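Visitor: For reference, the chains in residue letters:
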Amino acid sequence: MSESTKGEPILIADSIDVRFGDFQALSGFSMSVQPATIHALIGPNGAGKTTLFNALTGVRKPSGGRVVFNGHTVTHASAHRRVHYGMSRSFQVTSLFSALTVAENLRLAVQARHAAEGWVFWRGPARRRDISDEVDALLTETFLTGRADTRAGDLSHGGQRSLEIGMALAGRPKLIFLDEPLAGMGIDDVHRTKGLISSLSSRMAVLLIEHNMSVVLDISDRITVMAAGRKIAEDVPAKIRTDPAVRAAYLGSTA
Amino acid sequence: MQALERSPNLATAVVLATLIVLPFVVPATLASQIAIFATGALSVALLLGAVGLLSFGQGLYLGVGAYVCGILAKDAGMGLIPALLMATLAGAVLAGILGSVIVRRHGVYFVMLTLAFGQMGYFAVLAFKNVTGGENGLTGVPRQFDLLGLSIANPLAMYVFMAGAFFLVFLLVQRVIASPFGSVLAAIRENEPRSIALGYAVARYKTAAVALAGGIAGLAGGLHVVFLGFVPPSDIELEMSQRLLVIALIGGIGSPGGALLGSAFYTIVSEALSEIWPRWLALIALLLIGLVLFLPGGLWSAGRRISALFERKTAHE
Amino acid sequence: MTDAPILSVVGLNGWYGKSHILQGIDLAVGNGELLALLGRNGVGKTTTMRAIAGTLGRTEGEVLLGGTSILGRPAHAIARQGLSLVPEHRGIFGTLTVEENLTLAARKGSPWSVDRIWSMFPSLADRRRTPGGKLSGGEQQMLAIGRALVTGPKLLLLDEPTEGLAPVIVDRLVEILQELKATGLSMLLVEQSLAVCTAVADRFAILDGGRIVWQGDGPALMAAEDVRARHLTLEHA
Numbered sequence: 001m002s003e004s005t006k007g008e009p010i011l012i013a014d015s016i017d018v019r020f021g022d023f024q025a026l027s028g029f030s031m032s033v034q035p036a037t038i039h040a041l042i043g044p045n046g047a048g049k050t051t052l053f054n055a056l057t058g059v060r061k062p063s064g065g066r067v068v069f070n071g072h073t074v075t076h077a078s079a080h081r082r083v084h085y086g087m088s089r090s091f092q093v094t095s096l097f098s099a100l101t102v103a104e105n106l107r108l109a110v111q112a113r114h115a116a117e118g119w120v121f122w123r124g125p126a127r128r129r130d131i132s133d134e135v136d137a138l139l140t141e142t143f144l145t146g147r148a149d150t151r152a153g154d155l156s157h158g159g160q161r162s163l164e165i166g167m168a169l170a171g172r173p174k175l176i177f178l179d180e181p182l183a184g185m186g187i188d189d190v191h192r193t194k195g196l197i198s199s200l201s202s203r204m205a206v207l208l209i210e211h212n213m214s215v216v217l218d219i220s221d222r223i224t225v226m227a228a229g230r231k232i233a234e235d236v237p238a239k240i241r242t243d244p245a246v247r248a249a250y251l252g253s254t255a
Numbered sequence: 256m257q258a259l260e261r262s263p264n265l266a267t268a269v270v271l272a273t274l275i276v277l278p279f280v281v282p283a284t285l286a287s288q289i290a291i292f293a294t295g296a297l298s299v300a301l302l303l304g305a306v307g308l309l310s311f312g313q314g315l316y317l318g319v320g321a322y323v324c325g326i327l328a329k330d331a332g333m334g335l336i337p338a339l340l341m342a343t344l345a346g347a348v349l350a351g352i353l354g355s356v357i358v359r360r361h362g363v364y365f366v367m368l369t370l371a372f373g374q375m376g377y378f379a380v381l382a383f384k385n386v387t388g389g390e391n392g393l394t395g396v397p398r399q400f401d402l403l404g405l406s407i408a409n410p411l412a413m414y415v416f417m418a419g420a421f422f423l424v425f426l427l428v429q430r431v432i433a434s435p436f437g438s439v440l441a442a443i444r445e446n447e448p449r450s451i452a453l454g455y456a457v458a459r460y461k462t463a464a465v466a467l468a469g470g471i472a473g474l475a476g477g478l479h480v481v482f483l484g485f486v487p488p489s490d491i492e493l494e495m496s497q498r499l500l501v502i503a504l505i506g507g508i509g510s511p512g513g514a515l516l517g518s519a520f521y522t523i524v525s526e527a528l529s530e531i532w533p534r535w536l537a538l539i540a541l542l543l544i545g546l547v548l549f550l551p552g553g554l555w556s557a558g559r560r561i562s563a564l565f566e567r568k569t570a571h572e
Numbered sequence: 573m574t575d576a577p578i579l580s581v582v583g584l585n586g587w588y589g590k591s592h593i594l595q596g597i598d599l600a601v602g603n604g605e606l607l608a609l610l611g612r613n614g615v616g617k618t619t620t621m622r623a624i625a626g627t628l629g630r631t632e633g634e635v636l637l638g639g640t641s642i643l644g645r646p647a648h649a650i651a652r653q654g655l656s657l658v659p660e661h662r663g664i665f666g667t668l669t670v671e672e673n674l675t676l677a678a679r680k681g682s683p684w685s686v687d688r689i690w691s692m693f694p695s696l697a698d699r700r701r702t703p704g705g706k707l708s709g710g711e712q713q714m715l716a717i718g719r720a721l722v723t724g725p726k727l728l729l730l731d732e733p734t735e736g737l738a739p740v741i742v743d744r745l746v747e748i749l750q751e752l753k754a755t756g757l758s759m760l761l762v763e764q765s766l767a768v769c770t771a772v773a774d775r776f777a778i779l780d781g782g783r784i785v786w787q788g789d790g791p792a793l794m795a796a797e798d799v800r801a802r803h804l805t806l807e808h809a
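Residue numbers (this note's numbering), protein chains in the order written: chain A, 1 to 255; chain B, 256 to 572; chain C, 573 to 809.
Simulated from the structure, these hints should not be mistaken for lab results. Quantities reported herein were computed from a predicted structural model and do not represent experimental measurements. Don't be surprised by glycine CBs; every beta carbon is placed ideally from N, CA and C. Honestly, I wouldn't trust all of these hints.
Unchecked claim - Derived SDA-like pairs: lysine to any residue, alpha-carbon spacing no greater than 20 Å straight-line:
no., chain 1, residue 1, chain 2, residue 2
1, C, 590, A, 187
2, C, 590, A, 159
3, A, 174, A, 159
Stated by the list, open to error - With beta-carbon atoms standing in for the labels, derived distance ranges:
no., chain 1, residue 1, chain 2, residue 2, range
4, C, 667, A, 230, 25 to 33 Å
5, C, 783, A, 28, 35 to 43 Å
6, C, 627, B, 378, 47 to 55 Å
7, C, 583, B, 568, 45 to 53 Å
8, B, 367, A, 72, 45 to 53 Å
9, C, 627, A, 140, 36 to 44 Å
10, A, 191, B, 568, 44 to 52 Å
11, A, 238, B, 430, 42 to 50 Å
12, A, 72, C, 790, 26 to 34 Å
13, B, 364, A, 93, 36 to 44 Å
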């Protein structure tokens, strides 16, 4: 396993342990993500991929290990603090403000970055032109301009997944965590979203959990393979394709 | 409460019209009570409608506001407006302190904590009975009737003052709901994990909302003691919390105007029925069941449905 | 086999909310047959099991169990029709004893009585009063299978039964599946371990992109190297 040495990683996970009672979900897991790259996380069921995301984004505190983001140690920082350090995430199960419009969903995401704005209680939100300009830009980037006034809950599945990504982008993150962004999408949406994800790497690092292997192998700069709470391989896509440990993890060890 | 309330101006108009009509329909003293409890119910409706937090303890802050206002007027000779401001502040500060602890709990646990703190108020009043008058209530509060030189001694002037206070709070709540701060509260109500993931310090926002609601309830308590001239211990008993909640639900939590409708309905019905039948509260219970089943949006939503029917009729013509 | 398949699935579509996971599944399990459903993870194998067992919210298509349509019917009704599921992660009642887990599920007229389960799984018989939650992973798996059997199923669905189990237990499980096969029980098995499947399955179906992309028997699967490479490993994904 070769570690990339192209300068400082944006994210370092150092010997992360996560326990749920008796169950060790992650054991001494370490990895690093380089800036402006697409890094994919793959592996069989129960490997601990979403648990790792949760530990890195602050949704679940690890029982051991360190998380360093952009030079700051954030291991015990709250989830909302990490957003202000430059982390942003989408969820495996779509998590939007379904009763609110697409534009309002995005506006809330942009507003969160302008921390003081959320405490303004004496005037309406429409006064901030800069925020509405950002919302327009995000609508364009996620191909949702025509759906700005649609209730988020009424969007198609592909539209909702795009909105999830759009809301994560609003934070202008340095690293964006995408949890199965392509799950349950039809071919057209997969194609469009794949393009969107690829285009992100010029501006930020992307850490991606995904099961659509053709997309993963196509767009990733680096792939980490997990099984049973540990890393079993990490390399460029071409090497991962033929790695025997990976093959065994997916097919099961020969009896 | 929907920040994008279809027509906040219409809501304001309805509320204003109701406030103007009220003294012509019921005695001015009853109208004053309606305005006071509408203010108290607004504190429940704000938390439940705007943030999705159910509080069984707003009566605590109403009671605290009443005692603070009464004690300051009686023992410190404070004037009308300053005493009311202190009542509001007391409610807000206490709610802010307790709130910072309880907002970290969710669902049933949050509700139970509001209930627990709500009950503690009465015991605190008994414990400090030399200051509060204990079970007898706080008597001997000087009736303050001078508002900027104008007398509010007669019932109608008193009502105008109470209605004015409610209206100001109503406008404030409308403004807050429509502001960026209100949009964050709505986001927290809709999807709290999502809000955290966007970077909002959710616990802080909830505490601020709880403090604001506590301040409103405190003000209602202050208004109550101005109206009564004494503080009954029932102002801080659990029953007050329940009453405010019932009023808020009857009126409808989808809009701040619901608090006025609910208070008018509850106060008028309780006045009328309590003469006839001592078990009139049973009817309120039945009414609540019916509301939950058939009109969960309360009276305010009934108004909205009727106006929607009108729109459809005129559209067909 | 000339008699009708015990399970027939045609054009099955399934959604989690708006997520269109199953995009037209076609498969059949013959009477007394064990069909293995293979595929990389995340591809929809458990979702397929749920759709057949009736616990997936939204489904379309046709699913026939013993000739009767079961799609869209409530899960308990499907269970009474003779379908029994051994779910992923076992799903046994942790606070109830081994015996209670079995007697709760037992149905009159089932060829599998609780006593027969004791003889089939002696280690369970030794622990009949132990709460389910205190059993080891392997014992829980036996219990989950036993519980499914006492309902007297026509078709047994098994979702990743060897996941997280030590190789020695996996071997015992393979033996049990072979014993069940010998009694003529029809089974649909989801397994990521190709080795386990080849030991017990009569036929194989490979799931990818929400559809069945290949079906065939053991020798055909071994011969179809490029199919395996494309859909089961990452080599040509």
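Visitor: Would you mind marking each hint as holding or not holding in the structure?
Guide: Here is how each hint holds up against the structure:
no.	hint	result
1	590(C) with 187(A)	15 Å, holds
2	590(C) with 159(A)	10 Å, holds
3	174(A) with 159(A)	24 Å, violated
4	667(C) with 230(A): 25 to 33 Å	32 Å, holds
5	783(C) with 28(A): 35 to 43 Å	39 Å, holds
6	627(C) with 378(B): 47 to 55 Å	50 Å, holds
7	583(C) with 568(B): 45 to 53 Å	46 Å, holds
8	367(B) with 72(A): 45 to 53 Å	38 Å, violated
9	627(C) with 140(A): 36 to 44 Å	40 Å, holds
10	191(A) with 568(B): 44 to 52 Å	49 Å, holds
11	238(A) with 430(B): 42 to 50 Å	60 Å, violated
12	72(A) with 790(C): 26 to 34 Å	55 Å, violated
13	364(B) with 93(A): 36 to 44 Å	24 Å, violated
Hint compliance for this structure: hints 3, 8, 11, 12 and 13 are not met, and every other hint is.
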